[in-house]
Every structure is written in structure tokens, then in C-alpha cells.
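Participant: Given next are the chains, with one letter for each unit.
Number of protein chains: 4
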Amino acid sequence: MGQRLVQLLDPHPDFEIAALTASEDSAGTSYREAAKWRIDTPIPGHVAEMTVGATEPEAVPDDIDLLFSSLPSSVGEAVEPDFAEAGYVVSSNSSNFRTDPDVPLTIPEVNPDHVDLIDVQREQRGWDGALLKNPNCSTITMVPPLAALEEAFGVERVDVSTLQAVSGAGYSGVTSMEIIDNAIPHIGGEEAKMETESRKLLGEFDGTEVEWLEADVAASCNRIPTLDGHLENVWADLAMDVSAEEAAEAMATYPSADLHSSPDPLIKVFEEPDRPQPRLDRNREDGMQISVGGIQETETGIQFNTLAHNTLRGAAGASILNGELLLEKGYI
Amino acid sequence: MGQRLVQLLDPHPDFEIAALTASEDSAGTSYREAAKWRIDTPIPGHVAEMTVGATEPEAVPDDIDLLFSSLPSSVGEAVEPDFAEAGYVVSSNSSNFRTDPDVPLTIPEVNPDHVDLIDVQREQRGWDGALLKNPNCSTITMVPPLAALEEAFGVERVDVSTLQAVSGAGYSGVTSMEIIDNAIPHIGGEEAKMETESRKLLGEFDGTEVEWLEADVAASCNRIPTLDGHLENVWADLAMDVSAEEAAEAMATYPSADLHSSPDPLIKVFEEPDRPQPRLDRNREDGMQISVGGIQETETGIQFNTLAHNTLRGAAGASILNGELLLEKGYI
Amino acid sequence: MGQRLVQLLDPHPDFEIAALTASEDSAGTSYREAAKWRIDTPIPGHVAEMTVGATEPEAVPDDIDLLFSSLPSSVGEAVEPDFAEAGYVVSSNSSNFRTDPDVPLTIPEVNPDHVDLIDVQREQRGWDGALLKNPNCSTITMVPPLAALEEAFGVERVDVSTLQAVSGAGYSGVTSMEIIDNAIPHIGGEEAKMETESRKLLGEFDGTEVEWLEADVAASCNRIPTLDGHLENVWADLAMDVSAEEAAEAMATYPSADLHSSPDPLIKVFEEPDRPQPRLDRNREDGMQISVGGIQETETGIQFNTLAHNTLRGAAGASILNGELLLEKGYI
Amino acid sequence: MGQRLVQLLDPHPDFEIAALTASEDSAGTSYREAAKWRIDTPIPGHVAEMTVGATEPEAVPDDIDLLFSSLPSSVGEAVEPDFAEAGYVVSSNSSNFRTDPDVPLTIPEVNPDHVDLIDVQREQRGWDGALLKNPNCSTITMVPPLAALEEAFGVERVDVSTLQAVSGAGYSGVTSMEIIDNAIPHIGGEEAKMETESRKLLGEFDGTEVEWLEADVAASCNRIPTLDGHLENVWADLAMDVSAEEAAEAMATYPSADLHSSPDPLIKVFEEPDRPQPRLDRNREDGMQISVGGIQETETGIQFNTLAHNTLRGAAGASILNGELLLEKGYI
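Residue numbers (UniProt numbering), protein chains in the order written: chain A, 1 to 332; chain B, 1 to 332; chain C, 1 to 332; chain D, 1 to 332.
If we take Cβ atoms under 7 Å as the criterion, some of the chain A residues that face chain C in the derived model are:
# : residue
1 : D40
2 : I180
3 : D181
4 : L280
Rather than coming from a laboratory, the hints here were simulated on the basis of the structure. Predicted, not measured: the structure shown is a model, and the values here were computed from it. Where is the CB? At the ideal position from N, CA and C, for every residue including glycine.
Looking at chain A on its own, in the form it has when it is part of the complex (with noise of 0.2 Å):
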């Protein structure tokens, strides 16, 4: 994930990498050496020669204009609100905090507006700085589509499936023994991520607090051999009839936002009933858009597929348009 971050930011017209931090085991050694770069891009001449800071406010220079956190979630719990209280903003990944009131939630092309959480989380902390949060990988692969029904018809209910790839496990996450020839219907933690940062990201913010959509979320998360990509089958019941052909048009029509990293159209929707396809789709418009079909009537709603990149638009990416949307609204 920070080699993502790395590989996205390097040519990134507004931001720049003037920093990089790791755990005390790397601290002091090149990011060539901390990092065992395995992506097919090669790594960044000058970043691979920075040499890479421990991760704690001291040892970051205090005139960065934002961070962007991947630690592991314990980390990330103990660390992140020192660095906001000393005054940094920061854009995380991390799973950490994520549903907790005062700390936003964003997909910026969704709910953009959460981001003014921020005020209410600087009043009540006392922060100068400020938390950001994108949601887990799996959560923004079906958000997006979710977020168009949800406007024009009314979501009251989702059953989801997913079908994730082994990246989204970090790169020894999951073993080649444990996955050839095989899927494994379990995923620690992954489907109550799914249920409660769906519910806050399709919330609505009055300027205070996000109230939650109201909508019985029920996911069952699947590993299955693929690389990168997740796919997702998905039922959702809607507050009133309504045709394939008009949920496909509020997809396809469901705007994007303004942003560099941001597709255009938000949504691909396919007509052709086998996609989207990982292997074939993940890649559309740099990992970023999210690609949708199959879309059906059911007796109570619609059911579709979608997916999304999910080192891509589900988690470099996503920290990183959040980091565009904080630069777009002035907090940095």
C-alpha cells in the first residue's frame, strides 16, 4: 500500500514527497532499502534514495502540508492523533477511527461534504491538525452505485457478496497453499467494515453530526484467486419500483467529482451481462472508475455487479483523492 502510495504521488501534479516514514526497524536506511519495491512500475529514482523517518511528529518536518497514513490499524490508533494534535492534517487508510463521529469518512465524488466534519473534530479535540479517513477497499467498491440509487430512489436494504482479490491481504497475506484451486468465505473484520462504513458514508451530514442512512446492510466477504480486483454482487432493496434500465441511467449519470484523480464518468456501466471482469476492468481510467453490470429487477429492488481496483481506487487512491479533496476545500 505505501508503494501504491509512492508510485501514485511521484508524478501527482499538487503533491510532492518530502517525507517518508516507516516502524523503527526501517528508520534510518533508504526507502530502496526499507521498501522491497514489487510493484511492475519501476521505483522512483529520488524517493528511492530518501532516507526514511521513524513515525512520530518529531521526526517529520514541520512544514509538510499533509501525510498519508497505511499503518496497521493499532498503529495507526496510537499515532495518528499525535500527529493531528501537533498540527498535521492527515489523509488515512488506516481502519482505525473510522466510525467514530467526529472523524470523516469520504469518497470524495460521494460525500464530499463530510469532510467539514473536520471543524466539529478540531473543536472537540483541540486539534490544529486533522484526520481524514477513506473506507476499507471493499466498502468503496460498492459505495459508489449504492450512492446513485440512493439518491434517486431510496436504499432500504443491501445483501452483498464479495469476490476480493489476495492484494487486499497485503502481499504476504494470503498463501499460495491456502488459495490455489480454492476460495475462502471469510475475511476477518471485512463484513462489519462493509455494514457500518457503508451506513455513514451514505449519511447525511447537517454540520454537526452524520446521521447514517437508515438500510439493513448484510455482507458476506469471499477470497477467491485473483490478484488485484474486487468484484461484488449486490442486492439492494429500494423505496420504490423501479426498472434495469433506470438504475442503470442514475449510474451512469451519477456525476463525478472535479478532482485530478477522479474518472470521468464516475461509473462505467457495461450492457454486456459477463462484465465487469477483475482481470479486464480493474485497470479503467488508471484503477480509478468504478465499473458496473449485470444490473437486474428483483421482486424488491435491483441487483448488479460491480467493481473496483482495490490497491488502486480502494486504497492508494482513495487516501490520495482525499487528499485533492482537502486541498480543493482548504484545509491544506
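Given chain A's structure and the hints, the job is docking chains B, C and D onto it.
Facilitator: Chains B, C and D alone, transformed into the frame defined by chain A:
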């Protein structure tokens, strides 16, 4: 599928392979030549040397008690009635006629009484023989646990997502270029089969006709890179409040049948949240057991995962079980 | 393969797609209909709407400068001479005629002078056009490093084992049932191609004929579950004692060609012992670079691993490079 | 590997599991807890409840006749001599000491006489017990056919390329991110093991020492996405001209041993050019048979493909076979 039938019938205590038929291209050759044996147990020697006949009543010995049919559905549609009219009893895995009102569709442990629809069939069609169907592999995987829930608590709605193995499409059905590092969210006709067959299987037979279960069933079918074993995520809305423990108990104690190929118990209920898994559990009880896990309460019922071996329990083994039922019930 | 040709030719600075041909079944339809576009970049818009013609000289405009042929070898054998006789210059990837004495077989960075065998060909056959071949994908993968060794030290014997990707067999060539959790130690005809083509490529052209390299070449070809990229283990007995460092130096400095699609350097030499790997290295330099690693001394020479993208460097890209060579040499 | 030992020993007619040991972390717990049972047959009930002891001579009952060791090599190096000195006879799969002059390294069907090196070992080291080794899994796969060729014709040189399954690296040894759609042309230390162990196994024991076979052996080792079964391409230069038929005959008639776990024949020779294949052939004869195919003449000898189940014939089964040999020879 034909190979799996031969593999299972060869050692079967009640049946003996007396004749083999194929399309005209293969008729007249030895089974060894006609079949390109591809499963990992050896081809039975005496079967290998049998001459394959044409698939037409005149080409089959009169004293055959039972025919097993795994024909392409268009062929089954054309020739199965000929055989039944000519006096043969046919246990068929082909998808044609499965939802016809006077064609019994059975899983022997679930709805064995439906087999008596044969009497209605014979009266209506004037057949001396009979035609009995088993359901589609993806339907068989979910129906036993649903039957346990229906009997104990009443099932009102089912959403089901499948993660299906490539063997379900036949030896050449899915190319390697399609499925390595990929998943395909569409299997032609599969969703409709699951939605109709399950309601017929779970319906009531009153001696004259089968009244299908009144329930909304919505399926979403996916192909993934596994060789054998269909895994399914199921949400079942129930007619009463049920705990996960009560649901597990209903499934674990759901009775099996007293037939040679029926496993005991019919349903293995796992407590480990990451089971069942295709590679680890598809071969339980010679591939005839249904494995269930991940049972959880939802707002409106229960969600769970279920797994069965698609070419054993879901196809060849299903037809043979139906043959055993026909024998027990005196139809052969 | 045809799709890869279109993908590479569409943005090519020197070539413009003027006509497309196919078998009679597809002639008359649009390319969009005729091709089932399956690669992960979009089908070029104007090409998609072109009408596909028949594969015969009368159906192709007279003013076409260069034809690319990726026909099945039996078809290539039948029609390629017709085109050459009718005056067309053909750059062909089809395996027919590759070892014919008057048909040049070239890798432009390795044996560009062999292209002048066209003069002999024209004289002997009375053709106004010409027929130029590129070798088989598995041959291309090993010949550049062998050429570096041959030039510097002399190659006397080659044992080569291949780990070949499924795309080499075409979209439907390898079924998923054959290759998931498996490897197949046989690819029909492949070993003979490697053994003959490599010796012709490494041979000397004296202006009249190509004298093949005198060396024992023995290949063993395997299909494995990778999508793209052929990896090969090579043992090369050399005419003198050579250290691993000297061999690496010879390969790393082996000159590339000054052609649009030639990479620089031609051969990337890895020091990391676990590289090259198909997924990580097949796309280097737009899939045109040869990657070598694991260079070690043996009692009689050198062993090393080599990798190339089989459908880019090994097929479509090879034909296009040959087209660039024909242009540079003035044959078109 | 420990699990495979338990799986094979539990039903073994000559051996009974009397004690189990593990590292200090697990000592004192039940085997059920200590082992995370991951193979597809159930954990034997009475073994599951046995308490695991520490891996030190004092913690093991005195009346144990035979110890099986599958320790990490650094641990084996530290403790195996302690056990042998304390009077225990140890059959070990660990890679330490395999090439020590007074440590026998055996494949019972190939070089059973080498086991008497124990007498030399006892004299030199003053041990009451003994230490016997089986070779590495990739070595075992090629040595039986090479032994057949050596005995009949003389082997002078071997080039061997391996396509090894992920289970050879242990349950967590290869991550899914490393190997899906990929191959890795390097396995640390594996090439050296194949080059040395094979020459010791094929050497002559004169009652005092083993004179290694004089032959150049060069190995190139690759990891591919298969679960079990190592496939190898072998080129063997022979001391005389030999036809493919003669080589096949020598292998097919090479004698097996009269031991419980030895298959008959030892080597299955396929005529089909595309066999053996890992998934189809690894389980032949309970995973103990060596499968060979693709036998062809080269300029200097023979090339062929060989396959064995790496965790059965290549590890746990190899150690148990050595235990059976120790029993037959009277060492226990």
C-alpha cells in the same frame, strides 16, 4: 459427466453397466475410444472395451432397467420422451423439462415423495417408462440447508451468490485465458435455474401436482478459478426470529436418506468461520455431503455459506441417487 | 495475435492499417464483429468499423506496401505464395516455410543481413513480392542471449527447458481444466521449431544461402498456468572457458537495432537470482525486451534463464519489427 | 511435513506413533492444538489427543525404536546428533548432514546397501543410535530413472530443469502474490542439493565409504503455481548409444523394493507424450510412484520428463520408506 457416471456406477452394489450410448459420431466404437478419459482414477477395464451404441430406443437392449441421461439439453429434449415412451425409466441430469408440471425433480434426501409424480406423468403421457430429473448443480448446493430452514422456520426470500468451479462448464467450457487471475460474473441460464428449480424442490406435492414454494429467490452466478466445488453465500429471510444456533441445529439434524449414496449426516455444519472451502471440503463423504458454515443472524433471517462437489453431488451422483430412489420406491 | 497486431500497428509512426482480411466466414463484416476483442486496451475506433475482406490477392488493394500474416500454418502455406507472387511483401508469423532455404527468417537485432535472402527468393521463384518470416515465440525468447554468446565465445550445444504461457496456444488453446494446478510437459511441434529455427537464425548468410549453426540443440517444452511471458532455462556449452561475468557482459552489451520497436538495451541482465519472472518482467520496454538472469558457470559453459513476452516480442511485435526492417532495407 | 508423517504412519502396519515432539512453544499442548491440521483427510483421533513433548532426548521415552525427523535444517543439525548419541535411530528428512561422508543417504529402491554406512558412522562417532537421511524432494524425483540409466548404460552428464509445486516450500513458503500468473526461476539452495545428493545416491558404497558418481550435474529450479507434484525435464548424456525404447525398457523394468510403501513398478513409463502431469499423476500408487514420459534420443543420450509427489514420495513417504529399510536390515 458421463465419465463421472461410469466412475460411480462401476463399483455400485445395486447397478451394473449394461449398455453405453453416445452421439452418432461415436456409436460403434469402444468406450475407451469414445470417451477421452480425463479423471484421476483409471477407466474401468471391462467398461473401456464395451461398444458404444446410438442414443435411440431401438439401439438399447430391452431388458435395461434404468437409463442415466446426461445429454445436452437440446438432445435430451428430443430423445428422452422417446425412451420413456418406449418403456424405459430414465434418471436424467439434463436441464430440459425440469420445471414441467408432470416431471418430478428430486433430491432424494429432500423431497423423495415428489417421485410419485411419475404416476401422474404416466397417466397424462401414456408412457410405460418414466422420466425423473435431478436439479442443476448450483441448485443442489443450496437446497438442502434451505429445506432444513423451510421445514423448521419457513423461508420467505433467498438471495444467493455463487462461486462456481470451472468443471461445471464441462471439460472445455472455460478457457484458461478467461479465468486465470479472473472471475466471470455471469453463467448463461444459471440464475433462472436456481430461482425456479429451488422453489419446485421446496414445494408441496399433494399427489397430483407440486405447489412451488412461495418465496422470492434471486441468484447471482459467478465462475471462479477453482476446479471442483461450488461455494455459495446465501441470505434466507425466515418466517420467524431464529438464532444462528437454532439454524445450525436445524441443518445439522436434518435427516439424510437411507440410500447407498446418501451421506450421514446430509449436512456437515462447520463452526470454523472460514469453512467450508472448495478444495478442503468438496470430497467429504465421497463428494456427496453438503458443507455449511458462517451461519449468522441478519435483521430478517439467516445468512450462511454452503458447498457441494458440483460434478459428484451436483450431477453424476445426483442422478445415481435418483436411481437408488427409483429402486427403493419400486419404479424399477 | 491479429488483435495484438492491430493494437501495435494503430499507433505506429511508420505504418497505417489500410485493409484487414479474414477467413470467408468473417469476410464482409466489420472488424468489430469479426474480431472478438479481448485485450485490455480498447479496440481502435476507426479500425473497428473497417470492413474485413477475404484473404486472397484479388480482395486486397494493389497499393498496399506490406502485409502482416498471422494465419494458421496450413492456410499460410496455401495463400502466402499467392500474395508474394502477386507482388505483395509479406511479413509473416505463420510457422510454414520458416526453414525453407530461400525464405529469410529474422530477428532484426540478431540477423538483419538474412533479409537479403529475399533477392535469392525472388530470383528462384520469380516473385515481385517477398515473404519474410519471424521465428516461433519460444525460439525468439532464447536466441538473442545465445547470439551474444555465439558471437563472443561460440555456442556448441544448447539444452533448453521452457515454461510457456497459455496465450501462446491462442485464446481457446488451453482449457482451464487442463492447466489449473497443473503443468503439461508437451507442446506439439514446439521442440522441433526451437531446434531448427535457432540454428538457422544463428547461422551465416553468405549472400546465397544460410549455413545453419553447427550445434546440438535439444528442447523440452512445458505449458504452465501463466497468462503471458515464456520463461526458459538454458544450458549453453561454449567453445571456450567463460565466466558468468563475461557472459553477462556479452549479453548486456549485445547491440540492439535502430528500429522503432527495438528496445535499448535489447537484453536486460538481472543480478537478482530470482529474476526474470513472467508477471514482473514480461512488459519491460513495451514487451519487446529480452530479460535474462541466473547466469552461472557449468562444467562446459553457461546456464541462464531468459524471458520474453510471447505475444508481443514473440509474435505480433516480431512481425512488426520485421516490417520495420523491410522498410529500412528498402524492400518496401 | 509433520502432518504428512502422521497421516502416513497412523495406518502403517509396522509402525505405531508413540510420541510426538515439537519446538518449546508447542510442547505440553495436544497435537490437535500444536498442529494446524490442513490436509484433506481428518486428523487421526487418538493422535490428536496426544501431548506433544519437547524435541530433546530426555523428553522422549527410552523404548522408542525409531524417530522420524522433519526439522528445519538448523534445528536438525543441533539436535539430531544428540538423539543418535543417546541411542535413538533417526530417519530424517532434514537437509543437514546429507552429504557428510559417514551419514547414509538412501532411496530404498535405489541404493539400499548404503544404509550399512551406519556401521561406519557408529564406529567413528561412538553412537549407539544412528542417523539416516533421505534426499531432497527434487532429487528423489529424478534419481530413480537416472539410476535405471546408470545401471544399464552409464550416466556421464545431467542437465535438469524443475517445475516445482508450492507445497515444497511449506504451507506459508510461497505467497499467492508471488506465484499467481507467475513462475520463479530460483529456489534457494535447491540446485546445489540436486547436484550433490544425486551423485552420492548414484555412487558406490564399498563397505567403508561412498564414492560419488563421476558426472556433471547442472540443475535449474523453478517454482510454478501447482499445489503438489514436482515435474522435471532431464537430459542425460550416456556412455553408449541408446534408443528411446531401450531407455524406456530400462526404466520400466528397474526393480522396486520389497517394502510396504514401495510401489510396483517403481517407475511408471508413459507412452503418451503429454504425460506425466502433476495433477493427473502425482497420486499414483499412494503418491509413491515415479512417473516418466517424453523419452527421446538426443545427440549424446536421452531426454525425458519425470514426476513425483513432493510431500509424499519426496518427503514424508521417503522417511517412512527409510524406516522400513532400517527395520528390514535389522537396525531397529
